[in-house]
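Engineer: Given the structure of chain R, go ahead and fit chain Y onto it with the hints provided.
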Amino acid sequence: MTTTNTTTQLALAGDLLTRLRETTTEPRPDEQLEALTLAVAADLPVLLWGEPGIGKTAALTQLATSLGLPLTTVIASVHEPSDFSGLPIVGDDPAVQGVPMAPPQWAVDLVRAGKGLLFLDELSTATPAVQAALLRVVLERKVGALQLPPGVRIVAAANPRASAADGWELSPPLANRFVHLYWVHDRDVVVRGLGGVWPRAELPRLAPDRLPEAVAYARRAVCGFLEARPTLIHRLPSTETRRGGAWPSPRSWEAALTLLAFGTAASVSRDVLALLVRGAVGDGPGLELLAHLDRMELPDPEALLADPPSAELPERGDLRQAALEAVIAAVGARPERERWEAGWAVLVRALETGAPDLLVAPATTLAALRRDDWEVPAAMDRLAAVVGLARRADRSLARATAEGTPR
Amino acid sequence: MEKLMAARLHAAKARPYLADALFALHVVEDRSVPTMAVDAHWRCYVSPAYVARMPVEELAGVWVHEVSHLLRDHHGRGERYAREHEAYGPFERLRRNIAADFEINDDIYGDGLPRPTGAVLPSLLRLPTGLLMEEYLRTASMSGLSPDLAWLDCGGGADGQGRPWELGADGARGLTRQQRDAVRFRVAEGIRGRPGEAPEGWRRWADEAFHPPQPWRRLLGAAVRSAAGAPGVGEDHTYRRPSRRAATLPGVVLPSLRRKPPRVCVVIDTSGSVSDAELGGALLEVAAISRAVGGRRDLVSVVSCDAAARVAVPLCRAESMALIGGGGTDLRSGFTRALRSRPRPDVIVALTDGQTPWPSAQPPCRTVVGLFPRPAGPVDEDDPDYRPEGPPPWARVVTIG
Numbered sequence: 001m002t003t004t005n006t007t008t009q010l011a012l013a014g015d016l017l018t019r020l021r022e023t024t025t026e027p028r029p030d031e032q033l034e035a036l037t038l039a040v041a042a043d044l045p046v047l048l049w050g051e052p053g054i055g056k057t058a059a060l061t062q063l064a065t066s067l068g069l070p071l072t073t074v075i076a077s078v079h080e081p082s083d084f085s086g087l088p089i090v091g092d093d094p095a096v097q098g099v100p101m102a103p104p105q106w107a108v109d110l111v112r113a114g115k116g117l118l119f120l121d122e123l124s125t126a127t128p129a130v131q132a133a134l135l136r137v138v139l140e141r142k143v144g145a146l147q148l149p150p151g152v153r154i155v156a157a158a159n160p161r162a163s164a165a166d167g168w169e170l171s172p173p174l175a176n177r178f179v180h181l182y183w184v185h186d187r188d189v190v191v192r193g194l195g196g197v198w199p200r201a202e203l204p205r206l207a208p209d210r211l212p213e214a215v216a217y218a219r220r221a222v223c224g225f226l227e228a229r230p231t232l233i234h235r236l237p238s239t240e241t242r243r244g245g246a247w248p249s250p251r252s253w254e255a256a257l258t259l260l261a262f263g264t265a266a267s268v269s270r271d272v273l274a275l276l277v278r279g280a281v282g283d284g285p286g287l288e289l290l291a292h293l294d295r296m297e298l299p300d301p302e303a304l305l306a307d308p309p310s311a312e313l314p315e316r317g318d319l320r321q322a323a324l325e326a327v328i329a330a331v332g333a334r335p336e337r338e339r340w341e342a343g344w345a346v347l348v349r350a351l352e353t354g355a356p357d358l359l360v361a362p363a364t365t366l367a368a369l370r371r372d373d374w375e376v377p378a379a380m381d382r383l384a385a386v387v388g389l390a391r392r393a394d395r396s397l398a399r400a401t402a403e404g405t406p407r
Numbered sequence: 001m002e003k004l005m006a007a008r009l010h011a012a013k014a015r016p017y018l019a020d021a022l023f024a025l026h027v028v029e030d031r032s033v034p035t036m037a038v039d040a041h042w043r044c045y046v047s048p049a050y051v052a053r054m055p056v057e058e059l060a061g062v063w064v065h066e067v068s069h070l071l072r073d074h075h076g077r078g079e080r081y082a083r084e085h086e087a088y089g090p091f092e093r094l095r096r097n098i099a100a101d102f103e104i105n106d107d108i109y110g111d112g113l114p115r116p117t118g119a120v121l122p123s124l125l126r127l128p129t130g131l132l133m134e135e136y137l138r139t140a141s142m143s144g145l146s147p148d149l150a151w152l153d154c155g156g157g158a159d160g161q162g163r164p165w166e167l168g169a170d171g172a173r174g175l176t177r178q179q180r181d182a183v184r185f186r187v188a189e190g191i192r193g194r195p196g197e198a199p200e201g202w203r204r205w206a207d208e209a210f211h212p213p214q215p216w217r218r219l220l221g222a223a224v225r226s227a228a229g230a231p232g233v234g235e236d237h238t239y240r241r242p243s244r245r246a247a248t249l250p251g252v253v254l255p256s257l258r259r260k261p262p263r264v265c266v267v268i269d270t271s272g273s274v275s276d277a278e279l280g281g282a283l284l285e286v287a288a289i290s291r292a293v294g295g296r297r298d299l300v301s302v303v304s305c306d307a308a309a310r311v312a313v314p315l316c317r318a319e320s321m322a323l324i325g326g327g328g329t330d331l332r333s334g335f336t337r338a339l340r341s342r343p344r345p346d347v348i349v350a351l352t353d354g355q356t357p358w359p360s361a362q363p364p365c366r367t368v369v370g371l372f373p374r375p376a377g378p379v380d381e382d383d384p385d386y387r388p389e390g391p392p393p394w395a396r397v398v399t400i401g
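Protein chains in written order, with our numbering: chain R, 1 to 407; chain Y, 1 to 401.
Honestly, the hints are just simulated from the structure, not real lab data.
Using N, Cα and C, we set each Cβ at its ideal position, and we do this for glycine too.
There may be inaccurate statements among the hints.
Examples of chain R residues lying across from chain Y (beta carbon under 8 Å, computed) [said to hold, decoys possible]:
#	residue
1	A274
2	D283
3	L290
4	A291
5	R316
6	L358
7	V360
8	R392
9	A393
10	L397
11	A400
Bound conformation, chain Y alone:
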């Protein structure tokens, strides 16, 4: 026991941002556990024999490994995966455990925390590192691993299935869902507060733990829909046609609510930094969305724009249009061109990687920016402090990809 506690101290000193989570775990000694395992209620089950044969520094690695399962909500995600794919049974359980281990093990060790003997790495199956558990599950069969891998039962906390030794939800000293959320939240805030200390994988986790990224298609759709549907754009009161309720109120002229299909203009950044595949996917998406809002194909036009804007063409022709361009971008000319077209568009959707100057004033219509993310870093070699300015606050920004 003392050895285990020393290992926890070691882990907390090597990874101070995980200390709260490590100390929140409740230790249960149990001889029926093969090694060390956690359950969904943040109890940690430990086999005394396993502790006896592991060196302290490796046990510290195991501590961090087990707490990572819980912080990354592997039980919840594993359960969801099992339900969605109807993947049950001992082999599937093992697969989930391995995939979860892959997600954890590729970036938590090193820097004062040696990798314990028997920890599995994605390289065992020649898989790339840095993927999520679900991605490993989808892409790899895991059948190449020998079944006698010693260290493969991390308990219900890793895959969402109960074990005989677990105390369950009603057992003593478990954490409730809200308490677990609170601990995870505190750890995430700690990492976000001092991002310098934590490796890339943990920083990404902290950013996404409580705001999981949503598919960009859905967000772009919602943004374009609400831009096209905002009052004064796609829909307004009109006196050109009587209200269907006019018959009940003789003598009163009621306006009727009429939709006019929104005109959408897509400004495409065709500078060299955006790939054709990215653009093609996003453009098709915008076309599909604007059809869903009630726009006709001829109401969607496209301006391709690098340093100078080219003519706006209706979408029916743009599908066969070669997106010409390359070199630098100046989206301002694209905006000017889009606004000069008659009739004026109700919504401008700009697809860009954001490395461009933006119009200084808000254009007189709703703006949605589909942003292709680019790794942050100095863009200009002569001036390393230069950062391209982000999209302006009046645009709704959806990160694509």
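So that you can see chain R by itself, here it is in the shape it has in the complex:
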């Protein structure tokens, strides 16, 4: 009687658990998941930083399911260096056959499957010796004598220094091999997920006709940027606060280039791209590269001068001013009367479509470019309001300066 009762109860408990585990997924815009998926598709090792229990493992399980890859979890901190560099197996005659370094079972399984998602958990609590052994796994994809097939993707997870009470920090060489993503929980995702619906990761859709353009764009962006800022090519983390994170080196710039090309081909948003680029080369260099992309996208000054009435200027004030200054600089580089007048026409166009105070600096510079025999174009009259605005600001500044100390 009692035995049957227990069995029924256990079976019921099993039913309840099954029901609880029945969850579905929905497509949902999620920047960090999109960034993770894109980096995994680009075959770059990703390192997720996040507090314990934040759902890094759950996100990876979802990712593996939706990509159709078997998930292999290896907790780095409970392994010994030889688990990653191979265990020596002694044969009958070591002098003749040599001693092979045998790979562990999970590596053999991965090779047999030909594809999979290798998840190295608890990376920051692995001892330095294990971290050194992992360098080869992450970069060369070799475990002992075994080469992992190209279908295998590598993702690692670590707890930030603040919460890893007894953790080591990541050595700069290992940190440089990863794209670092900071995993934070989104309240809505958690609530919706506990309700049974998790967001679904989808492989980025690469547009086949955009591939050549994407490669050209990424190369132009990164090379153009590094030509202007050669000191950023290689910079070891120097201060304590930046240790263990992403830092710029030729290796990580190559990763950034790959990510830019993938992001362009998949038309992901600039926000996702920013997460990835900053995760590859670090915050400072990443932000500077993004600013460089902004500048690359400014309209071509010559195109604006060629057809001022239909000129499309950026909406954002600071970018609009940069675009106008580029136009004036182009006029100044080859000062001809037609170009000078076209410059005024561009300014008029800008006045019609946006805030007038942005025009003061470009208009002053353009006026100074005038040659004596050039007549004042009719367009300049329309900018009279701008001149008035500038005078007003100057008067106000003069008053404020004359007053001296603030009231």
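Structural biologist: Below, chain Y without anything else, positioned relative to chain R:
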């Protein structure tokens, strides 16, 4: 509108390093806004009546004030503060707004930018200037301020809570998080590039905007841990004990991984320029950390050092040891003394204010320097160009305090 634009020009001319941020703001005219307010997406809401009654030069001050809220990420920080302290509600919102205003107003005005009427200053509550928003929130109740202060709604950009007039994340012409970061980064780089132009408060902001200072305890802990745990120090392969895997491989002798607890030697700069309180705190911290790495108390020793080094004593005695010293420092003798002790330490932690000569060669063990920051300035009156040399590149440096 024209007046508002003239004021923005004035602000950009008076504070050229903020021009990018000022021009990146998108202006929205709205009669329901009390004065002038910003939202987290870098839109600036303006009441036409408010603009009409303010002089241009004061409006310029308001522009800089509002853009400062956004540059200093007051909405993000305010939200974090509210979450951490579960401080919600209209009164808490007002408090956050006031604290944020205090942080801004004490150093942005003057020098061509008059303070607008109604701007609140920390001196209203007899608080010191130069603190951060969070510090004002922690220390002051703000209840002394009269609720009818005219100029106290700077919008969701100042405290992280939405307002009825705001267009929200999906509205037109807002900046995304990455675009906001990009503008903030450009402004910070501009200030760092030409530090002479910006006042102290802005320079500090520019230094910390993208690398917020971390608590020194955590950094010191990480530095000592990684010094004590680096290969060849606390941990190595040994053949003295068989590997736990030896049973599976008969005939092969595998080394086992053994930890030997690291010996940590703390060299303390007891010259007159370092206060006892600073030293006491840092010393206790090092002791706690080395215990956490597996060191026993008797493995941590202390050398107190001014111009000459004194005997190394184990920590169990150092806790009651009076740190004697004063006058000048020469840390070199401290390093020599630490290295001469037997057995030799694996890690040397030097606690100092850095105004000392350093050993010319790298000592044969890991070195962590806990540096008490001292204001930069001429140290030697006879030779104003003299600067004490910084810690050597082979040491890991953590700034304490």
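Engineer: Mind checking the CB of D283(R) against every CB in chain Y and telling me if the closest is under 8 Å?
Structural biologist: 5 Å, holds
Engineer: Should the hint that V360(R) touches chain Y count as held when the rule is a Cβ pair under 8 Å?
Structural biologist: Since chain Y brings a Cβ to about 6 Å from V360(R), closer than 8 Å, the hint holds.
Engineer: Close enough to count: is the Cβ of L397(R) nearer than 8 Å to one in chain Y?
Structural biologist: Holds, about 5 Å.
Engineer: Does the nearest C-beta of chain Y fall within a distance shorter than 8 Å of the C-beta of A393(R)?
Structural biologist: 4 Å, holds
Engineer: Taking the closest Cβ pair, is L290(R) under 8 Å from chain Y?
Structural biologist: 6 Å, holds
Engineer: Grab the minimum C-beta distance from L358(R) to chain Y and call the hint holds if it beats 8 Å, violated otherwise.
Structural biologist: Since the shortest Cβ distance to chain Y is 6 Å, the answer is holds.
Engineer: Can the hint on A400(R) be confirmed by a CB-to-CB distance to chain Y that is less than 8 Å?
Structural biologist: 4 Å, holds
Engineer: Against chain Y, with CB atoms and a cut of 8 Å, does the hint on R316(R) hold up?
Structural biologist: Interface hint status for R316(R): holds (6 Å vs cutoff 8 Å).
Engineer: For the restraint on R392(R), tell me whether the closest CB of chain Y is nearer than 8 Å.
Structural biologist: Given a least distance of 4 Å, the restraint on R392(R) holds.
Engineer: Let me know if the C-beta of A274(R) comes in closer than 8 Å to any C-beta of chain Y, holds or violated.
Structural biologist: 4 Å, holds
Engineer: Does the nearest C-beta of chain Y fall within a distance shorter than 8 Å of the C-beta of A291(R)?
Structural biologist: 6 Å, holds
Figure legend: structure checked against the earlier numbered hints; every hint is met.
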